[in-house]
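Number of protein chains: 2
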Amino acid sequence: MAKKDDGSRVRDALRVGGALPDPGSAPVGPDKKAKALAGLDSAGERLSALQEALYAEGVGGGRRSVLLVLQGMDTSGKGGTVSHVLGLVNPMGVRYAAFKKPTAAEQRHHYLWRIRKQLPAPGQIGVFDRSHYEDILVPRVSGLLTGAERRRRYAEITAFEAELAEAGTTVVKVFLHISPEEQLKRLKARLVTPEKRWKYNPGDLDARSHWAAYQKAYADIFEKTPQWYAVPADHKWYRNWAVAELLIETLAELKPEFPAPDYDVDAELAKLKGVGVRS
Amino acid sequence: MAKKDDGSRVRDALRVGGALPDPGSAPVGPDKKAKALAGLDSAGERLSALQEALYAEGVGGGRRSVLLVLQGMDTSGKGGTVSHVLGLVNPMGVRYAAFKKPTAAEQRHHYLWRIRKQLPAPGQIGVFDRSHYEDILVPRVSGLLTGAERRRRYAEITAFEAELAEAGTTVVKVFLHISPEEQLKRLKARLVTPEKRWKYNPGDLDARSHWAAYQKAYADIFEKTPQWYAVPADHKWYRNWAVAELLIETLAELKPEFPAPDYDVDAELAKLKGVGVRS
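Read top to bottom, the protein sequences are chains A and B.
Just so we're aligned, residue 1 is where the first sequence starts under the UniProt record's numbering, counting upward by one.
Just so we're aligned, residue 1 is where the second sequence starts under the UniProt record's numbering, counting upward by one.
Simulated from the structure, these hints should not be mistaken for laboratory data.
Same chains, same label: a pair holds when it works inside one copy or across any pair of copies.
Here are the simulated EDC-like pairs of lysine to aspartate or glutamate, each with C-alpha atoms no more than 16 Å apart in a straight line:
1) K273 <-> D204
2) K273 <-> E181
3) K199 <-> E52
4) K100 <-> D129
5) K273 <-> D206
6) K196 <-> D264
7) K101 <-> D129
8) K224 <-> E156
9) K188 <-> E268
10) K216 <-> E134
11) K196 <-> E52
12) K199 <-> E268
13) K188 <-> D264
14) K236 <-> D41
15) K196 <-> D266
16) K196 <-> E257
17) K101 <-> D74
18) K101 <-> D204
Note that the structure is predicted; figures quoted are calculated from it, not measured.
The following block holds chain A by itself, in its conformation from the complex (with noise of 0.2 Å):
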């Protein structure tokens, strides 16, 4: 019997679909660090020469592109997953984008406004690190939401969600699944690391104690909005290599196609020989 294409194989077991897996397992990937380390290698050539396909179909006037879309508790490696999984591609080719608290301007527009103008163009890879979505849980979370204000909300995301998919932008959502000790850890190696206490703010702990109600509104969030993956985040190994392969499939599906020339090939390399260098 022939093999079943597993094009879709860590899609597959990390779409969400009901109870999250564990933030310490590893679901259909190398279960330890250094097999990890060794598959996001290969996964990096993979992705490079998938990326650069993507790029030349832009360049050569076609429309697509993917936007990853990163979730998380803090701490949860949105930041790290940047650097270690599209740090593996041409930077001319990735834009990335992080959504703070919004500033008082940004507060005057609807929240999908610096959204907007913050997507990937044709042949890119976007990441977000938030995004819309935390439209939903902070004012959620703190209670400022109504359920008309959320369904709204809900509707709207979707459609601005199948508008993407109409212009040609695959979105791919990712929420890092970490645990509260594993927080709890990181949280405390970023006060007691000087060099990384420029990563802690005090508002983190808030946000910590409102541990459940987040993870419920997240749950939520995965019943009313277009699909998601749940991606187990306490091993940082796992997580950069499931990101990876998450793009990558994604990516393969697509098949983006280095564009036929627009001129024609012998005609200019016959001109190539006569054009002389005046120097």
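Dock chain B against the given chain A, drawing on the hints supplied.
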């Protein structure tokens, strides 16, 4: 006698101040590919560490940034430099912008309009793949720039770059210097390799046919605008090594610093223990 501080060894060697170095040479650098690749590896660690500190400084309220401006004839390796040198650092801290032929909409604005929109944020390393210098080069070689307009643009650009310096942005302007013979090889390679054909543009031959005029226009730019570096770029391994070192020397001189915490570390550590997680 104490060893002279060599924190500007590569900058001193490559700073333009008269005749350019031979495009096939490797001033003050490794003269063999293997050595240069090993050097680039170690440069990656230093560059990453400096960049992380600059980024942290920005998060902490610092306003400094670096802007790498890459100029050079077609195939001189602007894209390759981005991939191999900027690819060494965290994508969170890199802002890449390519400036192609201005669109009709862009042409209705001052030529610096689109440039200003792509400046790096505090803490970032910006990279310009071509830049405002195209707005002197192209019209000049095409004979469309009067002497008066050229002088005005030099003055505007000089003022613009002074403004950047004042705003905390250190500009590193690099001319990737290739020979016409090397360009011929690379253009041919783009035409005969199907997966490289998207990088070829028939317009490249027009620029090639005006090689001497471009070199003259560059020479004038080097004389009339703030400091440039010329990186011999016939050897890709030297080019990558040299640009990495120019960035490292520049960043090292800035001495970016991890910001002091604006919170009480001990108080936060104590609070951290107390913040239970309701789950």
